[in-house]
Amino acid sequence: MADIEKEYSGVWVFVEQLEGKLASVTLELIGEAKKLATSLNVQVSAILLGDKVENMISTLIEYGADTVYVIDNPVYHFYRAETYMKAFCYLVEKYKPEILLMGATTTGRDLAGAVATTLKTGLTADCTALEIDQDKKILLASRPAFGGNIMATIVCKDHRPQMATVRPKVMKKLTHDFNRTGKVIREVFAIEEGTLKTMVLRVVKNNAENIKLEDANIIISGGRGIQNEYGVKLLNELATVLGGVVAGSRGAVEKNLIDNKQQVGQTGQTVSPKLYFAFGISGAIQHTVGIQGAETIIAINTDSECPMMKMATYSIVGDALKILPKLIDVFKQALSETKDLEHRNTNVIREGVVTNE
Amino acid sequence: MHILVCVKQVPDTTEIKLDPKTNTLDRSSAPTIINSYDAHAVEEAVKIKSHFGGKVSVITMGPLQAQDVIKKCIEMGADDGYLLSDRAFAGSDTLSTSYILSMGIKKIMEKNSIDLVFCGKQAIDGDTAQVGPGIACRLGIPQLTYVESIESFDLERNVVVLHRKIDDGYEVVQAKLPCLITVEKDINELSFSPLTNMIKAARYQAVSWSINDFTADLSQMGLKGSPTSVRRTFPPALRTGGELLKGSDDEIIETLVNKLKGGILQWQI
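If you're matching them up, the sequences are chains A and B in order.
Take the first sequence: its position 43, counted from the start at 1, is 43 in my numbering, and no numbers get skipped.
Take the second sequence: its position 55, counted from the start at 1, is 55 in my numbering, and no numbers get skipped.
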């Protein structure tokens, strides 16, 4: 073990990008890596694989990377497990980092599983907190388990690198420092396209007008307490008035009131809006684990003792279906008084998602 | 087409209780079910079989009670099932679990080649999504995770075209068979099992393999073969409550709107 400790050094971050657009989790990870690296007294490196990605290097350095390793080749145009895994393992075996972080996105988790298996090392999924054990100089990776019922701190004592995927929107990126400089190491690792078994034919992006739940500032969420289609209509109306997005708990999804893509919680999405309305959501742990990052939570429920009412910033005892129409009216008036809505975008509802038109 | 589905028996995490004194999970309070994503994987495999013919096999690792999850798959239309059960497997993390499962899959392949391997995208108890890629890696076949739909099979060219979820939408990927696919719930709707399957399932006995059925590397399984270990568990930190607004409905709503309207104008889209 002592040998492994000496041989492996530094914190690495996998740079997730799609055709030159950086995934926001990447900069968050560099920020977190910086924290870990400082406490270990080592450097932060960003690993950039792609096709014509030269212009991304400076951004990575300006947000905290000390070194950027780059492999730039058309074969890496789109992410593919089979190419990225090979290139990544090549770099790890050559430069030997002690910690390897990736975003807990579909791409990051796909790559992490393949890399950890190939390198026969330990990988902790979907972490929400990372720190260094100062005695042993190892990574303590904490994550929710069993549907968010419990948190577990996982260690990987005797294998390197110690790998973790980290949930987006949990860590903080550093402030952009335009004067920061760093080292760039360019590597060549060509793979013959003809030898590959997978090919990305095309990428289909969600309609740019659709606001993604995870990016929404205002979320209007309903649970079993919204009861029926009428309740859903009210949620949509409030979303239109406030300029927010409609979501739901598992209870509402199971009653087919809310689309499962709009589910918030452990089996749905983690959100971190400025404002989260919980109408008729009791607040089972599987749901509340997904809204820990919300700034302000408003709970409306008939049961004043339910967990959601206990955790909310403001709670109102009452029937969601009775409170909603009043809220819609009062907000409509208050907001139009404060600012003339004539010049604002009108929001239109399409399949429960508010879009700008 | 021979399709293999990897399934896991899990505690129903919505029913699980935390013992506030010991900070441990009372697993006995939760009934065991088939991992919900795996159910969609079985459904998809059975659907493909009904189009192209062939056979659906399922494999699971777990205690002897995990027979139940195989029976459930037979009910859903799988043809046969394999249970990998041995005390040597206990305590395995995702790395060693993928080793053990791939060992079982290779043994099945000795007699019966496999065209497709399906898994759920993750298990609802561990939520790691790591075992699928682990198995693909060990079998040396392409991995296609978070698959939302299968567009087409071209059995002459031996390729599949499918939609794989990415952060901002989906990508359309073509892959050579055999490959491993992990599925999202969106891939299909679960259908009801016909009575004949239920009768078959009730009587079905899975093929059960233990460590003695393999020439296996013991150092790669169980606690010994697991590079990760749990240092400690603790209850999740929850937000502390705020203010319960009191008064008539109208008064409460006025208070709330006044507190929020400034912010809302800034945050609006």
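Worth double-checking, as some hints may not be accurate.
Unchecked claim - Keeping only pairs whose Cα atoms sit at most 25 Å apart, straight-line, the calculated BS3-like set for lysine-lysine is:
| hint | chain 1 | residue 1 | chain 2 | residue 2 |
| --- | --- | --- | --- | --- |
| 1 | A | 96 | B | 224 |
| 2 | A | 212 | B | 165 |
| 3 | A | 332 | B | 165 |
Claimed, not checked - Partial pick of chain B residues on the chain A-facing surface, computed with a CB cut under 7 Å:
| hint | residue |
| --- | --- |
| 4 | 169 |
| 5 | 214 |
| 6 | 231 |
| 7 | 232 |
| 8 | 236 |
| 9 | 248 |
| 10 | 252 |
| 11 | 257 |
Calculated directly from the structure, the hints in this document are not laboratory data.
Virtual Cβ for every residue (Gly too), placed ideally from N, Cα, C.
Holds or violated: are the alpha carbons of residue 212/A and residue 165/B at most 25 Å from each other? Distance of about 14 Å is within 25 Å: holds.
Interface restraint verdict for residue 248/B against chain A (beta-carbon cut-off 7 Å): violated, 10 Å
Just to be careful: measuring from the Cβ of residue 236/B to every Cβ in chain A, is the smallest value less than 7 Å? holds, 5 Å
Restraint: residue 232/B near chain A, CB-CB cut 7 Å. Satisfied or not? holds, 5 Å
For the restraint on residue 231/B, tell me whether the closest CB of chain A is nearer than 7 Å. holds, 4 Å
Using 7 Å as the Cβ threshold, decide whether residue 214/B counts as touching chain A. violated, 19 Å
Can you verify the interface hint for residue 169/B: is its Cβ closer than 7 Å to any Cβ in chain A? holds, 4 Å
Have a go at the residue 252/B hint: is there a Cβ in chain A nearer than 7 Å to its own Cβ? holds, 5 Å
Is the hinted pair residue 96/A and residue 224/B satisfied, with a Cα-Cα distance of at most 25 Å? Given that 25 Å is the threshold and the Cα spacing comes to 24 Å, the pair holds.
Chain A contact restraint for residue 257/B - C-beta distance below 7 Å: holds, 5 Å
Would you check the hint for residue 332/A and residue 165/B, treating anything up to 25 Å between C-alpha atoms as holding? It is violated: about 37 Å lies between the C-alpha atoms, which goes past 25 Å.
Violated hints, in rising order: 3, 5, 9; the structure is consistent with all others.
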